[in-house]
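Peer 1: The chain contents come next:
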Amino acid sequence: MDPPLLQARDLAFAFGRQDVLVGVDLAVSPGSCSVIRGDNGTGKSTLLQLLQGRLQPARGWVRLDGRPLQGQRHRVALVPQAPALNWRYPISLEGLVALAGDGDPRTARPALRQVRLEALRQRPIASLSAGQRQRALIARALTQRAAVLLLDEPLASLDGASRLQLGSLIRALVEAGSAIVLSVHGDLPPTLPRLLTYDLQDGSLHPQSPRPSLTPWQLPTPSSG
Amino acid sequence: MAAPDALFWLIPLLLAGVCGLTCPLLGTLLVQQQRIQATNLMAYAVLPGVVLAQAFGLPPLLGGVASALGAVLLAEALIAARSDGSGSAEAVLNTVLAASLGLGVLLVQALALPVDLEALLFGDLLVAGPEDLLRMVLVLALLLAMIRWRFRQWQWLGLDPEGAESLELPMGRLRLLMAALTALVMVSATAAVGLALVMALICAPSLASLADATSLGQALRRAALIGLVVSLAGCALALRLNLPPGPLMACACLPLLLWLRSPAA
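As you go down the protein sequences, you meet chains A and B in turn.
Those letters in the first sequence? Residues 1 to 225, by the numbering used here.
Those letters in the second sequence? Residues 1 to 265, by the numbering used here.
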C-alpha cells in the first residue's frame, strides 16, 4: 500500500516547559482538503510549521511520500498568517512568484492565471491588498511545484468576497490534485470543497465527520476584485 | 605631454569614482537585507586587525578583513545565544562595535604604532597610488561577479529569508559570503576614502535609489549612478577648493538623501 502523501506520527512540541502538541497523528492524501480548527493559541501554526519542517518536533516524525522531509521541503509550501516577507521590496508580483521557479517571469504566468492575478502581474508587490497577497503566495507555492499547501489562517484578514474567492481557489486546487491543509478559527466559506476536519484541543488532534461541499449550483458567486 | 605632477588629481578622481560605484552596489543589497547595523560594526572592527597586521608585518587588508569578519561572526553568535527579542540584537552589535574600537585604540597605544586614526576615519584620497586603484577595481569586479552569480538568491535574502529557508536554499553560506564581501569592500575602500565616507556611500545612494525602484536590478543601477556622480563631483570640488575630499563627499550625501526622498514619505 502506498504511504500517504504527507504523514505525521506522534508529533510532540513544547515551548520551554509548556507542551503545545502531544502525540499528533495526521495523514494527508493528494486531492484532499484538511481543516485544523482551534482557538487562538492552541498550536495550529506550530503544527503547520512542524509539517513544513520549519520547526523540529521534540518527538515523532513527518514524512513526505514515506521519506523524511529533509531534502524535499520545497514540496511542502507554507503560507503563514503573517509572512515575514518584505512587502516594500522592489519587485513585481510576477517577479515574486517567478523567484520560486527559475526566476524567469514567464514561469509565473500559469500560477498567476490559476489564482486570477494575471492582470496584476506587473504591479509592485507593495500595492497588493491583503487578499491579493494571500493569493500571490499561493501562486508562488504553485510555481515551486509544491505537492502540499499549508495555509495558516488564510481567511483571517479577508472580507466576505475575498473569502468566497479563496474558497473557490482552494476547491479548484484540490480538484486539480493538490493536497491542502488549512488552519482556521471561526466560520468557513461555503465555496470550500469537501473537508476533513480536525479539532485541535489540549495539544491533540480530534477528527470530526467530513463536511460535504456545496454543489456548483448552490455556490454563491464571488464578486471580482 | 603633461608632467606627472600635473596629473596628481587623476588617480584620486578615478579611485573616488570606483568607490562611488562599489559602495552603493553593496549598500543596496545590505539595506534590503537590513544589515546596515552589522556593516557599521564591521567598519569600526577593522581597526584592531589593521593594527595587529601592521605590528606583525602583514598586509593591512588581510588583518582588517579578518578582524571585521571575526567581529560580525562574534556578534551573530552572541545574538543567537540570546532569546530576548530583536531589540537586543542592536544592543549586542553596538556593544561589539564599541569593544572593537576600544581594542583597536588600546592596541595602537600598547604597540606604539604610527596609526593615523584621522586618516582611518576620513581617508587620504590625495596620497592614493595606482596599487590602491587597482585593488579597488578588482574588488568592484569581484562584487559585480558575485551579484550576477547569485542574483536570485540575493533577492530571496532581501525579500523573504524565511521562505528561502523553507526551500532549503543555502542562506547561511550566502550570509557568510555577504559578510566576507562587505569586509573586503569596507577595508579596501576605507584605505582610500575613510570609514565615514564608506558608510555614507553605502547608505545614501542606496536609500535614494530604492525610493521608487521596481526591481533590484534597477535599484542597483541607480545606486551606482548616484554614487558615481556624488563621488566624482565631490572629489572634483574638493580638489578645486583645496579641501579634504573624504569629509566633503560624506557631507554631500545628506542633501542627496533629502533631495531623492521616498515619494511615499
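Hints may be right or wrong, so weigh each one.
So, partial list: chain A residues that the calculated Cβ filter (under 8 Å) puts toward chain B [to be verified]: (1) Ala12; (2) Phe15; (3) Gln18; (4) Arg54; (5) His74; (6) Leu78; (7) Gln81; (8) Pro90; (9) Ile91; (10) Gly103; (11) Thr107; (12) Leu120; (13) Ser127; (14) Leu128; (15) Arg145; (16) Ala147.
Read the hints as simulated data drawn from the structure, not as lab findings.
Ideal placement from N, C-alpha and C gives every residue a C-beta, glycine not left out.
Peer 1: Each hint: holds or not?
Peer 2: Structure-based check of each hint:
Contact between Ala12 (chain A) and chain B, as hinted, is not supported at the beta carbon level, the nearest pair being about 21 Å apart and thus beyond 8 Å. The closest approach between the C-beta of Phe15 (chain A) and any C-beta of chain B is roughly 11 Å, which is over the 8 Å cut-off, so the hint fails. Violation of the interface hint for Gln18 (chain A) is found here, the shortest Cβ-Cβ separation to chain B being roughly 14 Å, above the 8 Å cut-off. Restraint check, Arg54 (chain A) versus chain B: the minimum CB separation of about 6 Å is within 8 Å; hint holds.
Checking His74 (chain A) against chain B by beta carbon gives a least distance of about 5 Å; that is within 8 Å, so the hint holds. The restraint placing Leu78 (chain A) at the interface with chain B holds, with a minimum CB-CB distance near 6 Å, inside the 8 Å limit. Taking 8 Å as the C-beta contact cut-off toward chain B, the hint placing Gln81 (chain A) at the interface is violated, the least distance being around 13 Å. A cut of 8 Å between beta carbons decides the hint on Pro90 (chain A): the least distance to chain B is about 4 Å, and the hint holds.
The interface hint given for Ile91 (chain A) holds, since its Cβ lies 6 Å from the closest Cβ of chain B, which is under the 8 Å cut-off. With a least beta-carbon distance of about 5 Å to chain B, the hint placing Gly103 (chain A) at the interface is held under the 8 Å criterion. Look at Thr107 (chain A): its Cβ only gets to about 12 Å from chain B, farther than 8 Å, so that hint breaks. Below 8 Å, beta-carbon pairs count as interface contacts, and Leu120 (chain A) has none with chain B, the closest being about 14 Å; its hint is therefore violated.
Hint status for Ser127 (chain A): violated, given a least beta-carbon distance of 11 Å to chain B, over 8 Å. Interface restraint check: Leu128 (chain A) against chain B, minimum CB-CB distance 14 Å, threshold 8 Å, status violated. At about 11 Å, the closest approach between the beta carbon of Arg145 (chain A) and any beta carbon in chain B exceeds 8 Å, and the interface hint on this residue is violated. Because the beta carbon of Ala147 (chain A) sits about 14 Å from the nearest beta carbon in chain B, more than 8 Å, this interface hint is broken.
In summary, the numbered hints that this structure violates are 1, 2, 3, 7, 11, 12, 13, 14, 15 and 16.
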